[in-house]
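Following the hints, complete the assembly by docking chain B onto the known chain A.
If you're matching them up, the sequences are chains A and B in order. The numbering of the first sequence is the numbering used here, which starts it at 683 and goes up by one. The numbering of the second sequence is the numbering used here, which starts it at 2 and goes up by one.
Just to be clear, a hint being listed does not mean it is correct.
Said to hold, decoys possible - Chain B stretches covered by chain A per the calculated footprint, using a threshold of three residues with CB under 8 Å from any CB of chain A:
| # | segment |
| --- | --- |
| 1 | 30-44 |
| 2 | 47-60 |
As the list claims (entries may be wrong) - Here are the simulated lysine to any residue pairs, SDA-like style, with alpha carbons at most 20 Å apart:
| # | chain 1 | residue 1 | chain 2 | residue 2 |
| --- | --- | --- | --- | --- |
| 3 | A | K795 | A | A761 |
| 4 | A | K685 | B | E2 |
| 5 | A | K741 | B | G43 |
| 6 | B | K58 | A | K745 |
| 7 | B | K72 | A | N783 |
| 8 | A | K791 | A | K737 |
| 9 | A | K788 | B | E108 |
| 10 | A | K685 | B | E108 |
| 11 | A | K788 | B | L89 |
| 12 | A | K685 | B | P62 |
| 13 | A | K788 | B | L42 |
| 14 | A | K788 | B | P62 |
| 15 | A | K685 | B | V61 |
| 16 | A | K685 | B | K58 |
| 17 | B | K58 | B | S81 |
| 18 | A | K685 | B | G43 |
| 19 | A | K745 | B | E103 |
| 20 | A | K745 | B | T87 |
| 21 | A | K685 | B | K70 |
| 22 | A | K791 | B | V53 |
| 23 | A | K788 | B | V61 |
| 24 | A | K788 | B | K72 |
| 25 | A | K788 | B | S81 |
| 26 | A | K685 | B | D60 |
Quick caveat, the hints were computed from the structure, so don't treat them as lab data. Here the structure is a predicted model, which is why all the values come from computation and not from measurement. C-beta atoms are modelled at their ideal positions from N, C-alpha and C, and glycine is treated no differently.
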Amino acid sequence: SQKIEQNSEALNIQEGKTATLTCNYTNYSPAYLQWYRQDPGRGPVFLLLIRENEKEKRKERLKVTFDTTLKQSLFHITASQPADSATYLCAPGAPGGSQGNLIFGKGTKLSVKP
Amino acid sequence: EAQVTQNPRYLITVTGKKLTVTCSQNMNHEYMSWYRQDPGLGLRQIYYSMNVEVTDKGDVPEGYKVSRKEKRNFPLILESPSPNQTSLYFCASLSGGAGTGELFFGEGSRLTVL
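Isolated chain A (complex conformation) (with noise of 0.2 Å):
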């Protein structure tokens, strides 16, 4: 059956680092990746979107990539500020690019302190 895994379900950095988030699927091959940004009780918020014929987008201080070989996306976020603190969470998309049973990892909660 199709498997997320992020790798790490907390991740403490420092202000001012480079805060790197991993995520790896298993038994599927999505047709682009979504990495979402979710506060205690508050629903997921869109953060970026990457598509398998992409490499790496950048938003700002953020930065996604995508290697379908080692089916595993890297997310980062450079000069980490306390405000980046939450949890981040990996949704590969169905093959063929279609809508349908979008299924997301459990998430890395990211503590970042000043």
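Using the frame of chain A, we list chain B on its own:
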């Protein structure tokens, strides 16, 4: 303002008492979905709908029903709630066509079944 609205936000009920959680979106999205979120299990998809009158099971559909009679609304029905349905529920709708899928989430509905 583009939004997904869920009601109620908080509900305490008793086993067996039918309830409906409403979800409405004002973005004219065709795709809508329901998730539940539990500690240690992450977001799990209950049902989704690709369009009006088209619904499909997600990963955890048991004990739930949905309907999609009009594009903007996608209610979640618990015919006979049980304590294992105590959870935080999120409704979401999807922008764009195939392969562009940014999900917009509601604020969540915290349900407790006694």
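To see whether the hints hold, each was checked on the structure:
Only residues whose beta carbon comes within less than 8 Å of a beta carbon in chain A count, and the segment 30-44 of chain B has 7; three or more means the coverage holds. Given a C-beta distance limit of less than 8 Å, the hint that chain A covers the segment 47-60 of chain B holds, as 5 residues qualify and 3 suffice. Under the criterion of a C-alpha separation no larger than 20 Å, the hint pairing K795 of chain A with A761 of chain A is consistent with the structure, at around 12 Å. About 35 Å separates the Cα atoms of K685 of chain A and E2 of chain B, which puts this hinted pair outside 20 Å; it is violated.
Between the alpha carbons of K741 of chain A and G43 of chain B the distance comes to roughly 26 Å, so the proposed pair goes past 20 Å and is violated. In summary, the hint linking K58 of chain B to K745 of chain A is not supported, as the alpha carbons are separated by about 33 Å, beyond the 20 Å threshold. The straight-line distance between the Cα atoms of K72 of chain B and N783 of chain A is roughly 19 Å, inside the 20 Å bound, and the hint therefore holds. For the given pair, K791 of chain A sits about 25 Å from K737 of chain A by alpha-carbon distance, which is inconsistent with the 20 Å threshold.
In summary, the hint linking K788 of chain A to E108 of chain B is supported, as the alpha carbons are separated by about 19 Å, within the 20 Å threshold. The hinted pair formed by K685 of chain A and E108 of chain B fails the criterion: a straight-line CA distance of about 26 Å is larger than 20 Å. The straight-line distance between the Cα atoms of K788 of chain A and L89 of chain B is roughly 14 Å, inside the 20 Å bound, and the hint therefore holds. With a C-alpha separation of about 18 Å, the suggested pair K685 of chain A and P62 of chain B falls inside the 20 Å cut-off, and the hint holds.
Note on K788 of chain A and L42 of chain B: the hinted pairing holds, with a Cα-Cα distance of about 6 Å set against a maximum of 20 Å. Proximity of K788 of chain A to P62 of chain B is assessed by CA-CA distance (about 19 Å); at most 20 Å being required, the pair is judged to hold. In summary, the hint linking K685 of chain A to V61 of chain B is supported, as the alpha carbons are separated by about 15 Å, within the 20 Å threshold. Distance check on the hinted pair: K685 of chain A and K58 of chain B sit about 18 Å apart at the alpha-carbon level, within 20 Å; holds.
Pair hint K58 of chain B plus S81 of chain B holds up; C-alpha atoms about 18 Å apart against a cutoff of 20 Å. A C-alpha spacing of about 13 Å is found between K685 of chain A and G43 of chain B, which places the hinted pair at or below 20 Å, so the restraint holds. Of the supplied pair hints, the one linking K745 of chain A and E103 of chain B holds, its CA atoms being roughly 17 Å apart against a limit of 20 Å. A hinted pair counts as satisfied when its Cα atoms are at most 20 Å apart, and K745 of chain A with T87 of chain B does not qualify at roughly 36 Å.
A threshold of 20 Å between alpha carbons decides the hint, and for K685 of chain A with K70 of chain B the separation of about 32 Å lies outside it, so the pair is violated. With a C-alpha separation of about 36 Å, the suggested pairing of K791 of chain A with V53 of chain B is violated against the 20 Å cut-off. Taken as a hint, the K788 of chain A and V61 of chain B pair is honoured in the structure, with Cα atoms around 15 Å apart against an allowance of 20 Å. At most 20 Å may separate the alpha-carbon atoms for a hinted pair to count; K788 of chain A and K72 of chain B exceed this at roughly 29 Å.
A distance of roughly 28 Å separates the Cα atoms of K788 of chain A and S81 of chain B; the hinted pair therefore is violated under the 20 Å criterion. The hinted pair formed by K685 of chain A and D60 of chain B meets the criterion: a straight-line CA distance of about 12 Å does not exceed 20 Å.
In terms of the numbered hints stated before, the structure departs from hints 4, 5, 6, 8, 10, 20, 21, 22, 24 and 25, listed from lowest to highest.
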